[in-house]
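**Student:** The chain contents come next:
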Amino acid sequence: MVKNSFRQRLQQFHTWGGLFFGWILFIVFFTGTLSVFAPEISYWMRPEAKIATITHQQALAAAQKALVQNAPDADQWFVVLPQGRTKSLEVSWQKNGQKFEQYVDPQTGEFIKVRKTDGGEFFAQFHYNLHHEPLGTWIVSIAGIMMLVALFSGIAIRKRVIRDFFHFHWRKNWLSMHTMMGVLTIPFVLLITYSGLTMTFMEIMPVSLSTFYKNEGFFWQDFLHSVERPRTKEPAMMQPLTELLPLAERELGSGQLAFVQVKQPNTKGAVVHFMRRVDDRMMAITDRASFDAVTGEWLTTKNTWNVQATIVRSLVGLHIAKFGGYPMAWLYFILGLLSCVMIATGLVFFTIKRRLLYEKTGASGNGFFKTAEKMNAAVISGCMVASVSYFLWNRLLPSMMPGRDSGEIFMFFLTWLLMLVHAFYRTAKRAWVEQFFLAGMMSYATVLLGLGTRATSLISAFYEMDWMRGGVDFSLLLSGSVLLATAFYLQKKWQIFSR
Amino acid sequence: MGKIAADWKEIKELLFDTHPLMQLVMRFLTGILAGMAASYLAAKTLSFLNPFGSVETIFFCGWLVPIIYVIAMLYAFWAESLEGCWRLIVSSLALSIVLWGISALLKGRGGVLW
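Protein chains in written order, with my numbering: chain A, 1 to 499; chain B, 500 to 613.
Bound-form chain A, shown alone (with noise of 0.2 Å):
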């Protein structure tokens, strides 16, 4: 039997815990990092639902007018206010159960038709759950500990490179590039994967939350000290929300308001919570203000939190960095950029250099290392194409088509698939080439077709010096350039086509 040191058995996790986990651990970074900017891919995405510059007072005027039209008898209302990088008006309600959305013109309280898609939230979603709860969450959250050993790990196997990093001995290798990399991300990734676990576990190890209650629901409601009443059927007057809204401004800070919630509408239990934006600050948890809707008397103000809601919270508010405004999104996105890089030159270059080494010696495994390689192909490049075409059918689906979000959601799953298949049947080296010409071409494809119409054309973006769509454009016609240089430079290094 072979006893190897702890520092040996460090070196194999990080060498084979590093190739499968790194599989799931690029997707996971790549669709969080565009998850930093879902509220813009969101608005990108349903064009339709852009509103002009109005006041709270308006805003919260026109939703109660729909609701009221739309909704009278709902268990419950909840209206997502325009403010900060959210810029349309979103109300929903649920009622025995079910859960509906929709978009108000603030302007005569009436629905907008809007195309469904699930926008930026999906690649949110998908970097914690991979579509497939429960137990996306659990392989998500087991390779997040991965993550965090092999970052241990790393550090004691590569402890050269790192002096070497810190006295800029930089080696021009592909290999130290990761090393590189992950010496240069080491804070964030670690910050990025511990405060993702911590939201994670909650979720799938609610230990302590099943002992102390009988379901998630009572827990918040006692965490939130959230006014709960008894159900009633006893119709009431409410007063108008506008007529709160000032009462509630001066509990929680005047323009600082982000959601309202009303449960109970219309009858004589209602409750109206106003909720301040967490978007300021690093805790993600919003303060609320709560009222008797139909006397307008004041309930309560929950705008202190004890010390481990505090700690966990602002893990949260670390993790989702909806603080600091644009810097902080583009620091977080481009430090999710190089975490990518980080494990995706990690998965390449360490599987060239294996086959390449047992091609020389001849030994038995080359195989296994010649499908490891297709497999990055299809994972990172797959994924890249597949994100692009999640866009891509954004503007290719027609607006109403029934069901439209699912088709969207689909048609990421499908191109994946095809790009998987295709990495299987081409060589590793042509994969990696066409997949990311593909991807080039069809991010110019997305921004050409929204030229089709005036809510989604670039062109009227800057005319209209809307930033926020024109930067979602712009970023799609960067990042096109960009893999087809990687596309073209692949090409001339490799000239596969040329044979």
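These aren't lab readings, by the way, just hints derived from the structure by calculation. Idealized CB from N, CA, C, for every residue including glycine. Check the hints yourself; a few may be wrong.
Stated by the list, open to error - Derived coverage of chain B by chain A (criterion: at least 3 residues anywhere in the stretch with Cβ under 8 Å from a Cβ of chain A; other residues may be distant):
{"#": "1", "segment": "552-558"}
{"#": "2", "segment": "572-584"}
What the hints assert, rightly or not - Interface residues of chain B toward chain A, partial, derived using beta-carbon atoms under 10 Å:
{"#": "3", "residue": "ARG526"}
{"#": "4", "residue": "ALA542"}
{"#": "5", "residue": "PRO565"}
Since the structure of chain A is provided, determine the placement of chain B on it from the hints.
**Tutor:** Chain B only, in chain A's frame:
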């Protein structure tokens, strides 16, 4: 009895002491299971002790559990022999079951024992 002992020895050798690749796979699996067992036990024990009140204890477990999981995973690679890890898994699971049973009997809002 002698046959069972001999069989167990054989299984043990097969699982823990054979091919290096098998050892590595076993360390991964053991780490994942040890992490689950240890973090479950820690969260359950803390819920029993309830040091900060129900809501705060839940949040406390929220940030503590991933750390325990990482430590258990590192332990699976640090341990010379995987037998120690399996002892950890089995004892954690046994204790968790005991705690789970007690909490099921004494379940109530705002704390289990205190």
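**Student:** Determine which of the earlier numbered hints do not hold for this structure and return their numbers in increasing order.
**Tutor:** When the structure is compared with the hints, none of them turns out to be violated.
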